[in-house]
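Colleague: Using the sequences and the hints given, assemble the complete structure.
Here's the letter readout for the chains.
There are 2 protein chains.
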Amino acid sequence: MKDWWGGRDLTWMLPKLFLVHFCNTSFVMEKDDELIAFLIGFLSPSRANEGYIHFAGVHPDFRGMGIGEALYDRFFGICKQNGRNIIRACTSPVNKASVDFHKKIGFEISNGNAEINGIQVTLDYNKPNDPKVLFEIEV
Amino acid sequence: MKDWWGGRDLTWMLPKLFLVHFCNTSFVMEKDDELIAFLIGFLSPSRANEGYIHFAGVHPDFRGMGIGEALYDRFFGICKQNGRNIIRACTSPVNKASVDFHKKIGFEISNGNAEINGIQVTLDYNKPNDPKVLFEIEV
Chain W
-8 MKDWWGGRDL
2 TWMLPKLFLV
12 HFCNTSFVME
22 KDDELIAFLI
32 GFLSPSRANE
42 GYIHFAGVHP
52 DFRGMGIGEA
62 LYDRFFGICK
72 QNGRNIIRAC
82 TSPVNKASVD
92 FHKKIGFEIS
102 NGNAEINGIQ
112 VTLDYNKPND
122 PKVLFEIEV
Chain Y
-8 MKDWWGGRDL
2 TWMLPKLFLV
12 HFCNTSFVME
22 KDDELIAFLI
32 GFLSPSRANE
42 GYIHFAGVHP
52 DFRGMGIGEA
62 LYDRFFGICK
72 QNGRNIIRAC
82 TSPVNKASVD
92 FHKKIGFEIS
102 NGNAEINGIQ
112 VTLDYNKPND
122 PKVLFEIEV
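Protein sequence lines, in the order shown, are assigned to chains W and Y. Be aware that the first sequence starts at -8, since it is given in this note's numbering, and climbs by one per residue. Be aware that the second sequence starts at -8, since it is given in this note's numbering, and climbs by one per residue.
Keep in mind the hints are simulated off the structure, nothing from the lab. Take these hints with a grain of salt, some might be off.
No copy labels: a pair is met if it fits in one copy or bridges any two.
What the hints assert, rightly or not - Straight line, CA to CA, 20 Å or less: simulated EDC-like cross-link-like pairs of lysine to aspartate or glutamate:
#, residue 1, residue 2
1, 87, 106
2, 71, 127
3, 87, 23
4, 22, 52
5, 95, 127
6, 71, 52
7, 123, 41
8, 7, 41
9, 123, 106
10, 22, 127
11, 71, 121
12, 94, 24
13, 7, 115
14, 87, 121
15, 123, 64
16, 94, 41
17, 118, 64
18, 94, 127
19, 7, 121
20, 123, 24
Modeller: Shown next, in the form of structure tokens:
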């Protein structure tokens, strides 16, 4: 997975527990037995009307083909079937492609506590110096 | 929290999503407004009869007083109320205190794919070179 993300090691984003306990709301897409896209999401245990997308990605060779949108659509469908009409996700403001993707498919940016490049962000989200853009959509 | 864990920064164990979406099955214990213990757990969305304890800790000054056991007991109670009779947790084999704690309160060690110091472990659990001892208990 390192190659997908500019060499960054994002293994910590996918501890085993996500794959074990969120597997009925997470999917992978394969071509010729190779992983080309994935989405890890879950129905919030604490917020009865919400779903949350933790992590999703499309291999660089397969971007721009609507695969990300298809994965999100499938997750939205599972959420709706389970009475979840608010879906949340978050991304780093430096990840412009991710910000644009979420806006394009209809997510709104939640109000934060600061602005970076004109975008509302929540500072120190997971740890100090870790601003995040928070997204929400009603489905 | 760094002081609790021999200087290791375990912020990555507690991304915000755990606090937002698992807050009805997670607790903190405070004394004079200071955090002295916590447990982050959730009812597995994918495994209808299971609960999972992701992360728990007791401040070194307050260990040996039964606080950890009390937090686990409370989580077990919530699990039982919600029809979850299998609870799982995991720890690193080098964390002997954690291994001993789980055994003491009745957890069994699940079969793994290797043995370290006579204890069954699952190798490369979250990433390469990351063996884990997997625990389970019926409540």
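Colleague: A separate judgement is required for each hint: does it hold in the structure or not?
Modeller: For each hint, the structure was consulted:
no.: 1; hint: 87 with 106; verdict: within (14 Å within a copy, 45 Å between copies)
no.: 2; hint: 71 with 127; verdict: within (15 Å within a copy, 33 Å between copies)
no.: 3; hint: 87 with 23; verdict: neither (30 Å within a copy, 44 Å between copies)
no.: 4; hint: 22 with 52; verdict: within (12 Å within a copy, 54 Å between copies)
no.: 5; hint: 95 with 127; verdict: within (13 Å within a copy, 44 Å between copies)
no.: 6; hint: 71 with 52; verdict: neither (31 Å within a copy, 47 Å between copies)
no.: 7; hint: 123 with 41; verdict: within (19 Å within a copy, 32 Å between copies)
no.: 8; hint: 7 with 41; verdict: between (23 Å within a copy, 15 Å between copies)
no.: 9; hint: 123 with 106; verdict: within (10 Å within a copy, 41 Å between copies)
no.: 10; hint: 22 with 127; verdict: neither (30 Å within a copy, 36 Å between copies)
no.: 11; hint: 71 with 121; verdict: neither (31 Å within a copy, 37 Å between copies)
no.: 12; hint: 94 with 24; verdict: neither (31 Å within a copy, 41 Å between copies)
no.: 13; hint: 7 with 115; verdict: between (25 Å within a copy, 10 Å between copies)
no.: 14; hint: 87 with 121; verdict: within (15 Å within a copy, 33 Å between copies)
no.: 15; hint: 123 with 64; verdict: neither (23 Å within a copy, 35 Å between copies)
no.: 16; hint: 94 with 41; verdict: within (19 Å within a copy, 36 Å between copies)
no.: 17; hint: 118 with 64; verdict: neither (30 Å within a copy, 30 Å between copies)
no.: 18; hint: 94 with 127; verdict: within (10 Å within a copy, 43 Å between copies)
no.: 19; hint: 7 with 121; verdict: between (23 Å within a copy, 11 Å between copies)
no.: 20; hint: 123 with 24; verdict: neither (34 Å within a copy, 28 Å between copies)
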